[in-house]
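K.L.:
Please take these sequences and the hints and turn them into a complete structure.
Protein chains: 2
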Amino acid sequence: MWDRSVINLTINYPQGSNSSFSSSKRPANAKPKTFANRGMSLEEDINQSNLYYLSKKIAVIHKKPTPVQIVKVHYPKRSAAVITEAYFKEASTTDYNGIYRGHYLDFEAKETKNKTSLPLTNFHDHQILHMKACLEQQGIVFILIRFSSLQETYLLPASIVIDYWDNQIKNKKKSIPHSVIQESGYEIQPGLFPRIPYLEIIDKYILKGDS
Amino acid sequence: MWDRSVINLTINYPQGSNSSFSSSKRPANAKPKTFANRGMSLEEDINQSNLYYLSKKIAVIHKKPTPVQIVKVHYPKRSAAVITEAYFKEASTTDYNGIYRGHYLDFEAKETKNKTSLPLTNFHDHQILHMKACLEQQGIVFILIRFSSLQETYLLPASIVIDYWDNQIKNKKKSIPHSVIQESGYEIQPGLFPRIPYLEIIDKYILKGDS
Chain A
1 MWDRSVINLT INYPQGSNSS FSSSKRPANA KPKTFANRGM SLEEDINQSN
51 LYYLSKKIAV IHKKPTPVQI VKVHYPKRSA AVITEAYFKE ASTTDYNGIY
101 RGHYLDFEAK ETKNKTSLPL TNFHDHQILH MKACLEQQGI VFILIRFSSL
151 QETYLLPASI VIDYWDNQIK NKKKSIPHSV IQESGYEIQP GLFPRIPYLE
201 IIDKYILKGD S
Chain B
1001 MWDRSVINLT INYPQGSNSS FSSSKRPANA KPKTFANRGM SLEEDINQSN
1051 LYYLSKKIAV IHKKPTPVQI VKVHYPKRSA AVITEAYFKE ASTTDYNGIY
1101 RGHYLDFEAK ETKNKTSLPL TNFHDHQILH MKACLEQQGI VFILIRFSSL
1151 QETYLLPASI VIDYWDNQIK NKKKSIPHSV IQESGYEIQP GLFPRIPYLE
1201 IIDKYILKGD S
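These protein sequence lines map, in sequence, to chains A and B. Here this note's numbering is used: the first residue of the first sequence is 1, the next is one more, and so on. Here this note's numbering is used: the first residue of the second sequence is 1001, the next is one more, and so on.
If you're looking for bench data, these hints aren't it; they were derived computationally from the structure. Built from N, CA and C at the ideal position, the CB exists for glycine as well. Among the hints, a few may not be true.
Here are the computed lysine-lysine pairs in the PhoX-like style, where the Cα-Cα straight-line distance is at most 20 Å [unchecked claim]:
| hint | chain 1 | residue 1 | chain 2 | residue 2 |
| --- | --- | --- | --- | --- |
| 1 | B | Lys1063 | A | Lys89 |
| 2 | A | Lys89 | A | Lys63 |
| 3 | A | Lys63 | A | Lys115 |
| 4 | B | Lys1056 | A | Lys132 |
| 5 | A | Lys89 | B | Lys1089 |
| 6 | B | Lys1063 | A | Lys63 |
| 7 | B | Lys1056 | A | Lys63 |
Covered stretches of chain B (chain A as the covering partner; in silico rule of three or more C-beta atoms under 8 Å from a C-beta of chain A) [unchecked claim]:
| hint | stretch |
| --- | --- |
| 8 | 1052-1060 |
| 9 | 1063-1075 |
| 10 | 1083-1090 |
| 11 | 1134-1143 |
P.N.:
In structure tokens form, the structure reads like this:
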């Protein structure tokens, strides 16, 4: 159905510092256990969906590689270079971007076991600044959120996240309530191909009559 | 003039497997020396230009992190995780993308010491497929090429690269002649801020009267 090598190139990226690597030896300052599986299966679903969209020539959306600061590289004779010392870096943008029918799409994926809200600790400054900058350039910017315990996945416009982020001190709210996401976001019904048909939401609610 | 932390996050990415890492212990199967500095100063110039465009709210264009396959990670107590085994991977897309006034931009940067042509060995299959896919979605797709010996930098529409790539066997041409790049591309006069004002070319020749 699609090129096997493309799959390998795309889904082998590590899912960030809270992914599978952190399951055994978790550093002392690691995030609370609530987010242990954060971003794993949702990211796999999104990657599969993006491959589907790519193979069907519907859209070109890719996950960006995990940013890594490379310090030491060893070059063995007659074999591939080995990176022997490197560190995870904080991303300066969101994880996914690309193009859909002439529109620039930019989004971040977040998964939480929390049932009542999405904590704002899931975001950091650079991501919010990046989302604002993309909105100013007329990009379509959003978040895909999965409440894994509830088995619900939503597309939430970035404007809502930015609003909660900017007013977290004033409003004394450190998370976006599930009820707000239900009201201001769009629930995505999972499918088989693609598993997360988020472009349907873009068509129906964001672009509307646009062709 | 712009946020220092943004600069650090953005320009510290390694420039790929032909970058500074490869200067001392070059593997037996390394690329010819003609490309030893390929992508170094041009990439720095582009990164500075992108930071300028970002700080002035003109466009949001980022270089993607170098794709790395992470194999082993060590988690020392009370300090950052250390990646102790990882490998460079071939990118499945081009190096740069982003948004400019509602338009999706996607490009690759190539630098050569060659004076007469840009060898097609500078590209690989996935990059060409990616450029084609982005063009089909109505993206603005191009190459920034620097002939370092000639001190000339050009913006070349992706369609020309694709044409040479697809016909390299039929035409028995393994490179794009400098004369073709001169005719079909647009020379970029270097500036101070930004150093490579490539968006001027986009305005003038690609978008034209579009607002």
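K.L.:
All hints are to be evaluated individually against the structure, with a verdict given for each.
P.N.:
Hint by hint, here is what the structure shows:
Between Lys1063 (chain B) and Lys89 (chain A) the alpha-carbon distance is near 15 Å, which keeps this suggested pair within the 20 Å criterion. The suggested pairing of Lys89 (chain A) with Lys63 (chain A) holds, with an alpha-carbon distance near 16 Å, which does not exceed 20 Å. Proposed proximity of Lys63 (chain A) and Lys115 (chain A) is contradicted: the alpha carbons are some 26 Å apart, above 20 Å. Restraint check for Lys1056 (chain B) and Lys132 (chain A): satisfied, since their Cα atoms lie roughly 13 Å apart, inside the 20 Å limit.
The straight-line distance between the Cα atoms of Lys89 (chain A) and Lys1089 (chain B) is roughly 18 Å, inside the 20 Å bound, and the hint therefore holds. Of the pairs offered as hints, the one joining Lys1063 (chain B) and Lys63 (chain A) holds, with about 13 Å between alpha carbons and a cut-off of 20 Å not exceeded. Between Lys1056 (chain B) and Lys63 (chain A), the direct Cα distance comes to roughly 26 Å. Violation of the 20 Å bound is thereby established for this hinted pair. Here's how the stretch 1052-1060 of chain B fares: 4 of its residues keep a CB closer than 8 Å to some CB of chain A, so the rule of at least three is met and the hint holds.
Only residues whose C-beta sits within less than 8 Å of a C-beta in chain A count toward coverage, and the stretch 1063-1075 of chain B has 10 of them, enough to reach three; the restraint holds. Only residues whose beta carbon comes within less than 8 Å of a beta carbon in chain A count, and the stretch 1083-1090 of chain B has 8; three or more means the coverage holds. Look at the stretch 1134-1143 of chain B against chain A: 5 of its residues bring a Cβ nearer than 8 Å to a Cβ of that chain, three or more, so the hint holds.
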